[in-house]
Each structure stands twice: as structure tokens, then as C-alpha cells.
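The sequence shown begins at 1 in UniProt numbering and counts up one residue at a time.
Warning: the hint list may mix true and false statements.
Unchecked claim - Here are the simulated lysine-lysine pairs, DSBU-like style, with alpha carbons at most 35 angstroms apart:
| no. | residue 1 | residue 2 |
| --- | --- | --- |
| 1 | K366 | K290 |
| 2 | K290 | K204 |
| 3 | K221 | K366 |
| 4 | K366 | K416 |
| 5 | K425 | K217 |
| 6 | K175 | K221 |
| 7 | K203 | K89 |
| 8 | K292 | K175 |
| 9 | K89 | K175 |
| 10 | K151 | K204 |
| 11 | K417 | K203 |
| 12 | K153 | K290 |
| 13 | K292 | K366 |
| 14 | K238 | K151 |
| 15 | K363 | K203 |
| 16 | K89 | K363 |
| 17 | K151 | K416 |
| 18 | K425 | K210 |
| 19 | K217 | K175 |
| 20 | K221 | K290 |
| 21 | K290 | K151 |
| 22 | K363 | K153 |
| 23 | K89 | K217 |
| 24 | K238 | K153 |
| 25 | K204 | K217 |
| 26 | K203 | K153 |
| 27 | K203 | K175 |
| 28 | K363 | K151 |
| 29 | K290 | K175 |
| 30 | K238 | K221 |
| 31 | K221 | K210 |
| 32 | K238 | K416 |
| 33 | K292 | K151 |
| 34 | K290 | K217 |
| 35 | K204 | K221 |
| 36 | K363 | K292 |
| 37 | K217 | K151 |
Stated by the list, open to error - Using C-beta positions, here's what the derived DEER-type ranges look like:
| no. | residue 1 | residue 2 | range |
| --- | --- | --- | --- |
| 38 | A106 | D86 | 26 to 34 angstroms |
| 39 | V168 | S476 | 19 to 27 angstroms |
| 40 | P419 | T332 | 25 to 33 angstroms |
Worth flagging that the hints you see were computed from the coordinates, not collected in a lab. A virtual CB, placed ideally from N, CA and C, is assigned to each residue, including glycine.
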Amino acid sequence: MKQYYYMRGYNLKKTNVISNFLYNSVYQILLIILPLITTPYISRVLEADGVGTYSYTYSIAYCLALVGMLGVNNYGNRTVAALQNDRQKRSTAFWNIVTLQMLTTAIMVVVYCVYLVWFCPTEYRLVSCIQLLTVMASFVDVNWFFFGMEKFKLTVMRNAVVRLLTVVAIFMFVKNSSQVWLYTLLMVGGHFISNLIIWPFLKKEIDIVKPSFCGMKQHFKQMIVLFIPVIAVTLYNKMDKIMIGLLSNVTQNGFYESTERIITVPMGLITALGTVMLPRMSSLFASGDKGKARGYIRLSMEFVCFMGFALMFGIAGVAKEFSPVFFGTEFTSVGSLIMLISPTIFFKCWANVIRTQYLIPLKYDKPYVISVWIGAVINLIINYALIGRYGAAGAVVGTICAEGAVMIYQTWFVRKKLPIAEYLKDGAAYLIPGIIMFAAVRMVGIHFGVSLLSVVIEVIVGIVTYIGLCMHILLSRHKDMIRHFLRR
1 MKQYYYMRGY
11 NLKKTNVISN
21 FLYNSVYQIL
31 LIILPLITTP
41 YISRVLEADG
51 VGTYSYTYSI
61 AYCLALVGML
71 GVNNYGNRTV
81 AALQNDRQKR
91 STAFWNIVTL
101 QMLTTAIMVV
111 VYCVYLVWFC
121 PTEYRLVSCI
131 QLLTVMASFV
141 DVNWFFFGME
151 KFKLTVMRNA
161 VVRLLTVVAI
171 FMFVKNSSQV
181 WLYTLLMVGG
191 HFISNLIIWP
201 FLKKEIDIVK
211 PSFCGMKQHF
221 KQMIVLFIPV
231 IAVTLYNKMD
241 KIMIGLLSNV
251 TQNGFYESTE
261 RIITVPMGLI
271 TALGTVMLPR
281 MSSLFASGDK
291 GKARGYIRLS
301 MEFVCFMGFA
311 LMFGIAGVAK
321 EFSPVFFGTE
331 FTSVGSLIML
341 ISPTIFFKCW
351 ANVIRTQYLI
361 PLKYDKPYVI
371 SVWIGAVINL
381 IINYALIGRY
391 GAAGAVVGTI
401 CAEGAVMIYQ
411 TWFVRKKLPI
421 AEYLKDGAAY
431 LIPGIIMFAA
441 VRMVGIHFGV
451 SLLSVVIEVI
461 VGIVTYIGLC
471 MHILLSRHKD
481 MIRHFLRR
């Protein structure tokens with residue numbers, strides 16, 4: 001018998017979406033745990049300057065790597081998802097797209113080598129040379145194909161094994177602040193190997209097809225459209241660190257890197273949802289099943305509000321005590337930066353659903369492009385105005401304004417296409433529990449002061465408070481779904 005999920009009139013057929021989301025969630029939880037293990041060690045061994053050096057050099061290499069990918073992550077994912085049931089067309093599309101990807105990445109490798117020879121500061125040259133692997137990793141990156149095919153177990157298991165081995169190697173070999181180069185080699189080397197070892201699995205999904213110039217030209221035109229927002233996102237995500245390095249100092253870069261790391265890691269749970277839903281929504285819209293697609297969007301919106309408010313208020317609440325305990329006393333100021341940047345968690349959660357479940361699947365590429373370029377321009381202007389005077393704090397303000405602008409524009413664009421008012425009503429129920437949780441956590445922090453015990457108690461109090469206050473909402477709205485999971 002077929003099983004269904006019900007949510008206010010929406011009939012959501014059980015598919016592999018849930019198992020794919022669980023796979024990705026487990027992997028994202030692993031990504032949360034591993035930095036909790038390695039970051040205190042790395043921040044003390046490499047110190048703020050070492051962390052800043054890695055951050056600065058990686059940002060430059062990462063920018064070129066993204067250019068080399070030419071927007072293929074979203075475009076390739078969407079294209080393959082629409083061709084899941086046609087092996088011949090899927091094979092042709094893959095080889096045309098991956099050939100373009102390799103050509104553009106090869107060009108970026110040459111550009112990066114020019115940077116190393118002529119423009120790279122002497123003190124960063126060794127680490128920057130190792131970062132070449134970051135660019136080369138894009139040459140062999142075909143994760144987008146398996147995401148489009150919804151083969152998440154394969155990519156998750158491979159990445160998990162590589163991540164674990166990398167962590168073990170870091171603890172075994174990185175022992176002092178002069179080994180930034182070794183830390184970099186382990187990090188980017190693991191990424192390169194992770195992308196490379198997935199290639200043998202392609203033979204089960206595609207046939208070898210000779211790419212054609214006409215086919216590549218057709219894909220190139222469409223890839224360029226999704227490449228433009230990639231550049232914009234890079235500008236206001238990675239250019240922060242580059243601008244801090246140019247306008248302030250490497251220590252401030254270390255502070256910002258640490259702040260961003262704490263905010264970014266739990267966001268992986270939301271990213272997991274978007275990663276799973278993009279190919280699913282592309283497939284549903286391509287088949288004309290708009291009713292089920294809209295049901296998924298509404299359920300996703302409520303989920304990201306529930307998680308977004310929990311993460312935003314929870315992280316902000318523990319930040320003051322967590323930072324010196326986790327990073328060391330040298331990073332005490334990071335606590336204030338984390339509290340300041342925490343609203344971006346909700347902004348990103350909300351925009352992630354609109355982007356991955358509506359704009360990209362329905363090929364609304366123009367508004368997506370406009371939104372991220374608005375964010376990029378705002379971020380660059382504010383960074384230029386504030387970083388020189390306020391350092392990492394200036395970059396945080398720029399990021400808040402940029403992410404807020406992206407969310408607002410994307411929401412405004414879909415206001416007549418999706419029931420935004422209903423989404424807001426569903427999600428607003430979790431705002432008050434979030435505020436109460438924040439107040440409870442802060443009282444614990446003020447009472448116990450800065451210590452590991454204080455952080456542990458804060459986390460426990462926060463979880464119990466938020467879940468307790470939200471339990472009635474969850475049971476009244478999703479009793480059937482909760483009952484189904486308890487029976488499994």
C-alpha cells in the first residue's frame with residue numbers, strides 16, 4: 001500500500017526524498033561534529049595568523065575554482081534531474097557539460113599559475129601553491145551528476161570517509177604554527193581525492209559519448225546565466241576575507257574565518273534540504289506535478305523556520321561563552337561577531353527554499369541573478385566603507401545587509417506565485433519560542449560565566465526550552481507524520 005504524508009490539504013507521496021534528506025543530514029551532522037573536534041586544536045596550534053593565512057589563500061583559489069565550474073553545480077543538477085529516465089540523452093548531456101567544465105577549469109589553472117608567479121605575496125606563496133589543488137579539484141568534480149540522479153548515498157559515504165581520514169591526519173601531523181602548509185595540503189588534498197574517486201561509479205549511469213561543439217555551445221549559453229549568480233555569491237561570501245586581508249590584517253581575517261565557520265557549519269542541515277530538493281523539484285515541475293511541488297515547498301518553509309530560529313537564537317545565545325572556550329582566549333572577540341551575524345542564518349534558510357525549490361527548478365534564472373548581484377554590490381560597498389575602520393565587524397555588517405537584501409528580493413519576486421503570507425504565518429509560530437530560548441540561555445551564561453560547563457548547560461537548556469515550547473505546534477500540525485516516523 002502506498003503511504004502518504006498530509007499537510008493541510010497537500011498530499012505528499014512518500015518517495016526517496018526522505019531517505020536522501022536523512023543521508024545528507026547525517027553527513028551534515030558529521031560536518032558539525034568534526035569542526036567541533038578540530039577547530040579548538042587548529043586555532044591553538046596555528047593561531048589567528050595561521051588560520052587567517054589559510055583563509056586568505058583558500059578564498060583566492062576558491063574564487064577561481066568556482067569560475068572554472070561555470071555554474072555547472074546548479075545547471076548540471078537541474079539538467080540531469082530532468083533526464084533521469086533517458087540514459088542516452090543523459091549521457092550526451094553529461095559529456096557535453098563536463099567537457100565544458102574541464103576546459104574552463106583548465107583556463108583557471110593557468111590564471112592561478114600566473115597569480116602565483118607575478119602577484120602572490122612572498123609570505124603566502126608556499127601555501128598558495130598548495131591551494132592549486134583547490135582549483136584542480138573542480139576539474140574532476142562531477143558531484144552535480146549524482147545529485148541530479150538523486151544518488152546521495154554514494155556521495156555522502158565517500159565524503160564522510162575522506163573527511164574522517166583528513167581529521168585523523170590533521171591530529172597526527174599538524175603540530176605547530178609553522179605547519180600551515182601541511183594543514184592546507186591535508187584539507188585541499190582530501191577534497192581533490194574525494195572528487196576523483198567517484199569517477200568509476202559513472203559507468204553504471206552513463207555511456208561514453210563524444211561531445212559535440214553544437215551541444216557544448218547550447219549548454220554554454222544556459223550555463224552562463226547560472227554562472228553569473230555564482231560570481232555574485234562568491235563576491236559577497238569569499239571576497240569578505242580577501243578584502244579584510246587587503247584593508248585590515250590577517251588577525252582580523254582569522255576572527256572572521258572563525259565567526260563564519262561557526263555560522264556556516266549548522267547551516268549544512270538546511271543546505272542538505274536544498275541539495276535533495278533541487279533535483280526532486282526539477283523532476284516534479286518537468287512532469288507537470290505542480291500540486292505536489294507546492295506541498296513540498298510549504299512543508300520545507302515551515303521546517304526552515306523551525307530550524308532557522310532555533311539555530312539563530314541558539315548560536316547567538318551561547319556565543320559569548322562558547323568562543324573563548326572553543327577557540328581560545330585569543331578569539332574572545334569572536335563571540336560578539338557571532339551574535340551580530342546570527343540573523344543571516346534565518347535569511348539564508350528562507351532564501352534557500354525559494355532558490356532551490358522554485359526559482360532554479362522553474363528556470364527563473366533572471367530574478368535569481370538579480371537578487372545575488374544586489375547582495376554582492378551591497379556587500380562590496382559596505383565592506384569597503386567599514387572594514388578599514390572596524391575590521392571583521394565591518395565585514396559582518398556587510399554580510400548581514402547582503403543576505404537580507406537577497407532574501408527580500410527573492411521573496412518579493414515570488415509574492416504573486418507562492419502563498420508567502422501563509423508561509424510567514426506558519427513560521428512565525430516558532431519566533432517566540434526562539435526569543436524565550438535566547439533569554440534562558442543568556443541567563444545561564446551570565447550566571448555561570450565562561451567555562452565548558454557553562455556552554456554544556458546552555459546547550460541543554462536551549463534545546464529543552466525550544467523543543468518544549470514548540471512541541472504543541474509540531475503535534476497539532478504534523479501528528480500523522482510524527483506518528484509515522486515513530487513507527488519506523
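Flag every earlier hint the structure violates by its number, smallest first. 5, 6, 8, 9, 11, 18, 19, 27, 29, 39 and 40
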